[in-house]
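Participant: From just these sequences and the hints, can you work out the full model?
Residue numbers (the UniProt record's numbering): 1 to 933.
Treat each hint with caution, since some may be false.
Pairs of lysine-lysine residues, derived as DSSO-like cross-links and limited to a Cα-Cα distance of at most 30 Å, are as follows [as the list claims (entries may be wrong)]:
id: 1; residue 1: 157; residue 2: 275
id: 2; residue 1: 44; residue 2: 279
id: 3; residue 1: 72; residue 2: 157
id: 4; residue 1: 746; residue 2: 668
id: 5; residue 1: 228; residue 2: 44
id: 6; residue 1: 228; residue 2: 266
id: 7; residue 1: 72; residue 2: 44
id: 8; residue 1: 442; residue 2: 556
id: 9; residue 1: 157; residue 2: 44
id: 10; residue 1: 444; residue 2: 500
id: 11; residue 1: 275; residue 2: 715
id: 12; residue 1: 668; residue 2: 715
id: 13; residue 1: 249; residue 2: 279
id: 14; residue 1: 275; residue 2: 44
id: 15; residue 1: 731; residue 2: 746
Pair ranges (Cβ atoms, derived) [as the list claims (entries may be wrong)]:
id: 16; residue 1: 182; residue 2: 245; range: 15 to 23 Å
id: 17; residue 1: 554; residue 2: 854; range: 34 to 42 Å
id: 18; residue 1: 511; residue 2: 108; range: 40 to 48 Å
What the hints contain is simulated information worked out from the structure, not anything from laboratory work. Note that the coordinates shown come from a computational prediction; the quantities given were computed from them, not determined experimentally. Think of the CB as a built atom: it goes at the ideal place given N, C-alpha and C, for glycine as much as any other residue.
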Amino acid sequence: MPPSSIPLFIGDQGSWKMPFKESGAGASCAFPPSYVLGYEAMQKIVGAAVLVSGMKGLGVEIAKNVILAGVKSVTVHDQSETQWSDLSSQFYLSENDVGKNRALVSQCHLAELNAHVPVYAYTNELSESFLSTFQVVVLSNSPLEEQLRISDFCHSKNICFVLVDTKGLAGQLFCDFGEHFIVRNPSEAEPASAAIHHITQSNPGIVTVACDNEERQGHRFEDGDWVKFSGVEGMTELNTSEPCLIRLKGTCSLEVGDTSSFSPYKCGGIITQVKIPQKHSYVCSLLWLPHVSNPEQDIVSFCRSLLFLQVAHCKPPQIDSFLIFTPQQADADKMVELAQTISVSKEEELQEDLVRTFSYGCSGDLSPINAFIGGLAAQEVLKAASGKFTPLDQWLYFDAYECLPEEENTVQLTEEDCAPRGSRYDGQIAVFGNTFQEWLGKQKYFVVGAGAIGCELLKNFAMIGLAASEGGSITVTDMDTIEYSNLNRQFLFRPGDVSKQKSEVAAAAVKLMNRHINVSAQQNQVGPDTEHFYGDDFFLGLDGVASALDSLQARKYLCQRCVQYCKPLLDSGTEGTRGHVQVFVPFLTESFGQAQEEEETQYPLCTLRHFPSTIQHTLQWARDQFEGLFKTKAENVNTFLKDPSFLESQEMEAVKMLESVRISFQEKPCNWRDCVVWARRLWERLFSHDIQQLLHNFPPEHETSSGLPFWSGPKRCPQPLKFDSSHTTHKTFILAASHLFASTHKLRVSEDDSVTSQVLFGSHLPPFQPLQGVHIPLTDQEMQNPQDSVGKRSLLFSPLSLPPFSAANLRAENYGIPPADKLQIVGRIVPAIATTTTAVAGLVCLELYKLVWRHRRLSSYRNSFLQLSEPLLNRFQPLSSRPIYKVRPGLWAHHALKVERSSVGPAFPSRLAGRAGRRETLCAFRWAAVLYT
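Facilitator: See below:
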């Protein structure tokens, strides 16, 4: 967990424009938000009509994310015409749209994002009769009087209301979901679960859960959780009792209430967390000071947001030049005077410096701030529509004034430098000045990955004008092609782009947003195999690198290259509603390899193979079976056919791989019937014979050498299954395995269910015969098979090889484990969602500003971790680069030595190492020329 955290609290129907219609094969696409939000929540979301008022950069970010989430409909509202300053963050407006209505122009583009979501444009005033037609109303870029009026009306009509606004480097968010809003699932985490070791007959009863001795982990329950029991033998009263409240007692024990009158506990059982619906009550007035539980943080944040709200909107006659584009001292003084008249809190004195800083750039319009606040606001809209995840309570104030130039910077902002120029970047120039804008245009950046985050980054780069001048360049590379599943979160892609290269389509799309951006697309993997392509000349010419990769190994490699060439790296990633941003600055911060990484969930192989106790175990087991049957075997056969001599390099694995190839040839099917027979035999082996062999070795009454029951604690005694062709899960497994086996051997798949049923009916398999002398390892240490030498299996897998859920659920049925639903995801591959990727990309670009300014204070930079479902935002200072031994002053350490070109020869490395006082010379540069590597 990061070292510090910042909790988020803080008439007339008029004229309509009909939505864009799309038909054809590309009109339908999958919705990964379903995997994150769940089926029940998505059912509510698809019934929600949403109004988004204000189509500047902030409003269009919210509308985009809500449309991609798949709501019933979205209506975009704006009565104003496009101005030059809008182009600094509104990615669907161009120079040709200046003077046109923002809502009408935006609607055409937004409607292309999701053919299932009608998008309407509305340009009249927001009357009460019109507002009554929506379940969620979002206001952005609206005057204070309108905010108060609509907020009160929505509260009285039980319409969920979201207010959002940004001013330069500051932003605010306010939510009012009514007085009786129910959150049915407050968190994203799967319910905690544990096997029971013992339960006492006492008041309170003490439950001891079985801890994993190899992992040395206890339970994941917390004080105040509600739990239910299942499969308990002896104390069966618990199995039918209502959910009960628990209190933690230790790593492996907890209190569960009075069990003194229950029957004595015998064995077995699972304790599972139950998520209890929560009631939230909201107040209607924007100016109401809420009752807060943490005055030290909540009051400060609310007061800042209240000042933002009132100072940013109150324009008394005496402040004639309020909210202009220049940082004038007189205007700042007047704003301070205005702020002093607002009584906000006795706990905090007015921060005049904050008010002045706010005044200097409050009329700016920045794409990164709009992206971050817009991502958060869109997630709140989905919470309002679904009742899924914990909403804000009720205020959020955010600023990033550390992005302004440091005091030591030779370039200081002036009234002239920040004045408008009739440029598409006027909204950004108002905050950072024109000199900084020129620096942005000349930057050379390398973007690795053009997926969900990559698309958002490229959009933001186009808006801020990165590499949009002569001498600037952006190189984006991605090996992947576009799939249908990408369309709901990688917003630069359309159905007609499916099967095209991601990098090429993304580069072309951002060129349409800003024709001046210099971006080139490539399809190369960044790794040791492409160092001839991305070598010295390439990296030495860069100003920085932005990583949007989903592979930990690839990210570590990329950071190593940045360390080698002393280039800053912006790293980011998402996982459902969670996201992170890390900035690595040469000579200032630690590197990616040094940064603390969240440990991946790992399970012992013996647990997966023989003793599963949770659905996560069975899902990972199914994945292992999938890879062994349909991936590894196919790869071995293909490699053998191309080059039979490859086995010579496999040493200990050669015999095993050769046996795998032999079996593959023996099993080769000739038709669909053969595939069904193979699948039926596979079912019998996995879910009947293997279980019977396990019970033959360890019968249900088996005891350990200590005289204790073998099948107790996390070891659940399994039961073999009997095949039933009328059972849905049984039949689904047969069909899935048959399809995969046929596809592997390039056979035609039969769609005639009667043929499959006939084959199954005629199948007669031999009965189980136990094998004698079979050793079943009880720990990973006992597993000597070479393929098991890794010891544990990490939950990392490609989305293209997801295990069949029928296999996981059949395995769960063997062991009496509750089954998984089709939306349950195991491991770290959690689909990206648009709200999180948008917010993360915004935070990345805030750090980019600092790199372009060349900030040298460690305190100016921020690493970030956010979890929109909680909601939680952690922003903290990166750790400084650690010293590494006395002979190496630090990670980024380099020695500047003057060397004559004539001295470069075979003995150059040793002479250079001697002069530098180092043991090894990796590379040497003369300006941009490589002398030695």
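Participant: It remains to establish, for every hint, whether it holds in the given structure.
Facilitator: Structure-based check of each hint:
Restraint check: the Cα-Cα separation between residue 157 and residue 275 comes to about 29 Å, which is no more than 30 Å; the hinted pair holds. Taking the CA atoms of residue 44 and residue 279, the gap is about 18 Å. The hint holds against a cut of 30 Å. Restraint check for residue 72 and residue 157: the C-alpha separation of about 20 Å stays at or below 30 Å, so the hint holds. Restraint check for residue 746 and residue 668: the C-alpha separation of about 11 Å stays at or below 30 Å, so the hint holds.
Restraint check for residue 228 and residue 44: satisfied, since their Cα atoms lie roughly 27 Å apart, inside the 30 Å limit. A hinted pair counts as satisfied when its Cα atoms are at most 30 Å apart, and residue 228 with residue 266 qualifies at roughly 18 Å. Taken as a hint, the residue 72 and residue 44 pair is honoured in the structure, with Cα atoms around 9 Å apart against an allowance of 30 Å. With a C-alpha separation of about 27 Å, the suggested pair residue 442 and residue 556 falls inside the 30 Å cut-off, and the hint holds.
Distance restraint check for residue 157 and residue 44: the Cα-Cα separation of roughly 19 Å lies within the 30 Å cut-off, and the hinted pair is therefore satisfied. For the given pair, residue 444 sits about 26 Å from residue 500 by alpha-carbon distance, which is consistent with the 30 Å threshold. With a C-alpha separation of about 26 Å, the suggested pair residue 275 and residue 715 falls inside the 30 Å cut-off, and the hint holds. Between residue 668 and residue 715, the direct Cα distance comes to roughly 37 Å. Violation of the 30 Å bound is thereby established for this hinted pair.
This hinted pair checks out: residue 249 and residue 279 have alpha carbons roughly 28 Å apart, not beyond 30 Å. For the proposed pair residue 275 and residue 44, the alpha carbon gap of about 19 Å is at most 30 Å, so the pair holds. Taking the CA atoms of residue 731 and residue 746, the gap is about 22 Å. The hint holds against a cut of 30 Å. For the pair residue 182 and residue 245, the supplied restraint of 15 to 23 Å holds, since their beta-carbon distance comes to about 19 Å.
The beta-carbon spacing between residue 554 and residue 854, approximately 28 Å, falls outside the hinted interval of 34 to 42 Å. Taken as a hint, the range 40 to 48 Å is violated for the pair residue 511 and residue 108, whose Cβ atoms sit roughly 18 Å apart.
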